[in-house]
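Hey, can you work out the whole structure from these sequences and the hints?
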Amino acid sequence: MSETAGNDTLHAVETIGLNLWYGTFQALIDVNIRIRKGIITSLIGPSGCGKSTLLRSINRINERLGYVRVEGAIKVMDKNVYDPEVEPVQLRRQVGMVFQRPNPLPLTIRENILFGHKIHTPSSSKVSRSAEDDIVESALRQVLLWDQVKDKLKRKATGLSLEEQQKLCIARLLPVKPQVLLMDEPCSALDPKGTEAVEELIWELRGQYTILIVTHNMAQARRASDECAFMLMGELIEHETTEELFVTPGNGKTADYIEGRYG
Amino acid sequence: MFDASALNIRNRKVEGLFRILFMLMTGLLILPVAIILAVLAWKGGSVVNMTFLFTNPTEGMTSGGIFPALIGTVWLVSVALLFSVPLGVAAAIYLSEYARDNWFTRIINLAIINLAGVPSIVHALFGVGAFVLFFRFGTSILAASLTLGIMTLPVVIVSTRESLQAVPMAFREACWNMGATKWQTIWKIVLPNSISGILTGIILEVSRTAGETAPVMFTGAAFFLPQLPQSIFDQTMAMSLHLFVIATQVPGVPENLPYGVAFVLIAMVLTMNSLSIAFRVYLRGRKKW
Ligand SMILES: Nc1ncnc2c1ncn2[C@@H]1O[C@H](COP(=O)(O)OP(=O)(O)O)[C@@H](O)[C@H]1O
Ligand SMILES: [Mg+2]
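For the record, the sequence lines run as chains A and P.
In terms of our numbering, the first sequence has 108 at position 108, counting the first letter as 1, and numbering is strictly consecutive.
In terms of our numbering, the second sequence has 1139 at position 139, counting the first letter as 1, and numbering is strictly consecutive.
Hints listed in this document are in silico derivations from the structure and should not be mistaken for laboratory results.
A few of these clues could be false.
[Claimed, not checked] One side of the interface only, derived from the structure: several residues of chain P facing chain A at Cβ under 7 Å:
hint	residue
1	S1096
2	A1099
3	R1100
4	M1169
5	A1170
6	F1171
7	A1174
8	M1178
9	N1193
10	S1196
11	G1197
Where is the CB? At the ideal position from N, CA and C, for every residue including glycine.
So, in structure tokens, the structure goes:
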């Protein structure tokens, strides 16, 4: 990592000495990672190494499991999210999450896009219908879905193809203007064509949002991310530019993994 | 090379035998229901008409209609629901959406299961002790309905909780991760998608409540009381008790009168059940996943 410590404004997310336990099982061990603003960082590592756990602690969604204990700090835009005055609802507005299986809500396409927006808008402040229409259109345009769905906004979102559903799940995060998008294997439920389309979209969003994407797919990490971090058994082993990590891995374990010796 | 062996043929015969056996057993289930309905319609159908439904019993309940009992049952069931539905649904929401799996929740679950197993006569005696005597409601609609309400509470809780749990977890995850609170998630996503199941459970509960005799006979239902109740502090007649009374306690009742009462009671219950099924079908058609 080439940045000097202290130059924190460069980083949208930073963990400092992060340890996390599920009950007595330690799932994250002294993780120090800094995610640069505005780029795509991919997170790779064998199944069960703690990638999802890391993502879920950044937006503090892990807390709802009563048995999770966290030590250390996680800074999002330079603010420790575990500070007592931090409101999880505001945090989750700034840090959106996309899941492995597309999970549109059982509402119409339009309502899906407006859901997050409505949650974060006081019910007293009336948003006009045309303002809502603009929000829906702009979000759907950003995810390259507008042309396909503009005539069926009132249809249920669950009728869309998986690829479209996943794009919708990304789109619904955008109206509240998040800083960070966390994506947990967002393409692994899709067919190759859908994978390609969603990857393309993610690349399209590069620069506007800081994107941290977990992937199982080495090729995907390699072609679609600026930096890449490798985790193993709860520890962050290596974090480099993607190019460097794949061409000249600094750690033997990283080399073993990217060459397929872990499975 | 693919010909059936002797073993295949034997297995196929056994297979067919069991299929028919199980089918017959299932068919047998329908028999009692069919017979009950047929007998009631045949023996009781002739006495049921508008006058029967809307006039008072006369001549020591050996003649006349069932109006006060009909109205009484409506009162008893409505007040019982007013009590058990909000409480039961709230408890179910808490248990399904908020409670974590710890010893406290486990004790509550155990209590619910046990409460469901308490015989209705025990509920009746509890009702007398608690509502009639201790809270001094006297024998009244209030006391009887509270007793019925407590009795149906576990079923309301269990059926509501099951409907809530049928809503996929992924919807909740999606909401929470967007910053929705638990309550926003429940109100906007979980309840709208489980309401059909919840209401079905409640309607089925109504039909059970309407037929209960023991819990009301000591707590609020009267043997004979032609005046309609004016408030929840009055006593009232009830269909279930009225049936019991004219079938066993009053001499000289014509044979088809109790059948008529039973026929109306069953008709009420079946109407409620069909409503609930129709409602369920309607709402399922609107489901969005
Ligand atoms: N809710 C949970 N409760 C207990 N243990 C969990 C939970 N979620 C994950 N774990 C454990 O934490 C470790 C890391 O899991 P996870 O973060 O899901 O890995 P990955 O996403 O890299 O496959 C695994 O060993 C897993 O069994
Ligand atoms: Mg995972």
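Here is how each hint holds up against the structure:
1. S1096: Violated - the Cβ of S1096/P stays beyond 7 Å from chain A, reaching only about 14 Å at its closest.
2. A1099: Not OK, violated: A1099/P not within 7 Å of chain A, min 10 Å.
3. R1100: Holds - the Cβ of R1100/P comes within 7 Å of chain A, reaching about 5 Å at its closest.
4. M1169: Hint violated; M1169/P Cβ to chain A Cβ min 9 Å, cut 7 Å.
5. A1170: holds (4 Å)
6. F1171: Cβ of F1171/P sits 6 Å from chain A, so the hint holds.
7. A1174: holds (5 Å)
8. M1178: This hint holds: M1178/P lies near chain A, its Cβ roughly 4 Å from the closest one there, short of 7 Å.
9. N1193: holds (6 Å)
10. S1196: Status violated, d = 13 Å.
11. G1197: violated (14 Å)
Checked against the numbered hints above, the structure breaks hints 1, 2, 4, 10 and 11 and satisfies the rest.
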